[in-house]
Amino acid sequence: MRPAVAEGRYSITRLPGFGLIAVLTFVMLYLPIIILVVYSFNSGVSQSRWEGFSLQWYQAAFNNAQVRDVSLRSLWLALAAASIATVLATLAALGTTRVGRFPGQTMIYALINQPLMVPEIVTGIALLIFVAAVKVQTGYTGMGYLVAAHTAFCIPFAYLPIRARLETLDPALESAAADLYASPVQAFRYVTLPLMVPGILAGFMLGFVISLDTVVITEFVKSAGQDTLPTYMLGQLRRAVTPEMNAIATLFLALSLVIVTAFFLITRTRGR
Amino acid sequence: MVSQEIEIAGLNKSFGQGAAAFQALRDIDLTIASGEFFTLLGPSGCGKTTLLRIIAGFEQPSAGTLRINGRDVTGLGPNKRPVNTVFQSYALFPHMSLADNIGFGLKMQGKPRAEIRATVAEMLQLVRMEAMADRRPSEISGGQQQRVALARALAPRPRVLLLDEPLSALDLKLRKEMQSELKRLQSETGITFVFVTHDQEEALTMSDRIAVMSAGHILQLGAPQEIYNTPVNRFVADFIGDTNFLKLRVKAVEGGAAVLELPGGKTAQASLPEGMAPTTGALVTAVIRPEQAEAAAPGTGDLQATVESATFFGTDTHLHLTLADAQGFVLRRQNRPGQPAPAPQSRLGLALAPGALRVLKD
Ligand SMILES: Nc1ncnc2c1ncn2[C@@H]1O[C@H](COP(=O)(O)OP(=O)(O)O)[C@@H](O)[C@H]1O
Ligand SMILES: [Mg+2]
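Residue numbers (our numbering), protein chains in the order written: chain F, 4 to 275; chain E, 6 to 367.
Hints were generated in silico from the structure; no laboratory data involved. Since the structure is predicted, the reported quantities are computational estimates derived from the model, not experimental observations. Hints may contain errors.
[Claimed, not checked] So the derived list for chain E, only partly shown, Cβ under 8 Å to chain F, looks like this:
id, residue
1, Q65
2, P66
3, G69
4, G82
5, N84
6, T90
7, F250
8, A315
9, F317
10, F318
[Stated by the list, open to error] Each pair of labels, with its calculated beta carbon distance range:
id, chain 1, residue 1, chain 2, residue 2, range
11, E, R31, F, L268, 24 to 32 Å
12, F, I124, E, P99, 41 to 49 Å
13, E, K181, F, F21, 36 to 44 Å
14, F, F21, E, S19, 33 to 41 Å
Beta carbons: idealized from backbone N, C-alpha and C, even for Gly.
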């Protein structure tokens, strides 16, 4: 057997079983998704027997008024939450990187990242109790709760890439702007902000995808008639699984892929 | 009368508080004349950058005053001072073209577009980068970035240009080129330059005046010749150029000079620094530059020496010698055709140039 250490460098690819584990991992990751996508084109109702190609389940999904309704709600909720979260995350990133060290900095950092650390179910139950109390007090039952909850949940996801971008910016650039007669506002407008744009776009997209995707938070906060696409799908699956769900899931997957691809392209090309 | 561009009085700067406080600058008094090429020279960590940042307005002094062109600027932000900086890292704006970089200061000053365009063109020409106006900073070499950083800082016509080790990132040949380029730009624009370097040769060749700094102090302030020929203490003598330090005994003191006993028995006159009056018989440190002595035939001259080794430097050769009392001595000898380096262990005499030997305060 060849040693796992070659030319002084440790190589994990030489460990026994590496290839097998890698293949199994990829199978687990992608096979279920491939099956889901394949059966969305099945002309029968079965999830296990191929009966020929058809787009009927896509047609059914498009003609389903409820699907259209929850999809639109999901999209504008994600748009609103990601937008507000991005603005707040940008301010938070500036406030935690563009100042000297201050007491409690690490704690603030942890507080901003709460949704990354607290189990989602805990946040969900906490929000449920809190929102219920506010509903009783105010009588308001609109979408505001969902927007607020999604915004808070998206902030750390928007915050991370923005902060990462800011940390790689040479502080001398802002000094140079000030040296060249820029007021603090002008230095931000002409130097800091344009250089932050890749991070801000990445943060927005990450927040958007997270909001689109989250089930737990929505499930606990929503009032009657405020289903989003994921909670609607969950509700449907409890009854009967038709390939219409596969079609909706495939479209959802395609949308996420487009956003994630854009995210990578932006962070790679604009990041320079 | 020459007008004063920068006047610094009683300036101190501490970082941190209480027991952890660190004093980076101590009692700096300094005036820099209008149109001067002024250099801050000192080893890394002596406070050069801190002083420059205080002049630019990025740091506030802990005590003392700073005037620029007669006006007290303490408390004014960097955007309110007629001072521009060439940063050590250049700090060009990566998302702007070279032309936009150079025009940035004028734009922030609210100058009309036509004027900005004309000045940018003029600056590009001044630093010989006309052909590259539309490129991004990432698309040009380090030396070219250096020129653009210079052009950007010169474009708003500041009264003072601050340069923080601007040449340290360049290779030797490019550095020499930029040294004369900087001198040319300074004489063409008439702007006061405050230049920071830790390279003593660069300081000597470029400056009108030099401030030698160490541990937050200014040790000596003067023209390059003055600093080289009459260093005030051991640190300056050691930091600027090469120096032989000799421990010698005082035989007599006459006025401003001492008669010192040389190894081998002869004596030599050495000038004394102001305010120093050693007693007869005391041991003092005397200095002499390696080029201020000449080799003579063995048995002649002021000193006798044995050759230990010779190092060839192209224009000259450094002979490492031992004197009669085992002290070392380096002699710099200009190379001439048909003049071989003396063999190790050969003996020679040394004639000291009159007035070259100086007693130093330690
Ligand atoms: N912001 C700061 N906080 C604490 N110490 C500093 C700061 N800036 C500089 N110093 C200290 O002040 C001293 C002088 O630094 P600097 O002016 O950069 O030296 P130089 O430019 O001569 O190398 C150094 O010991 C450095 O560690
Ligand atoms: Mg420095």
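Here is how each hint holds up against the structure:
no., hint, in the structure
1, Q65, "violated (14 Å)"
2, P66, "violated (17 Å)"
3, G69, "violated (22 Å)"
4, G82, "holds (7 Å)"
5, N84, "holds (5 Å)"
6, T90, "holds (5 Å)"
7, F250, "violated (40 Å)"
8, A315, "violated (43 Å)"
9, F317, "violated (40 Å)"
10, F318, "violated (38 Å)"
11, R31/E with L268/F: 24 to 32 Å, "violated (54 Å)"
12, I124/F with P99/E: 41 to 49 Å, "holds (44 Å)"
13, K181/E with F21/F: 36 to 44 Å, "violated (55 Å)"
14, F21/F with S19/E: 33 to 41 Å, "violated (57 Å)"
Comparing the model with each earlier hint shows violations of hints 1, 2, 3, 7, 8, 9, 10, 11, 13, 14; every other hint is respected.
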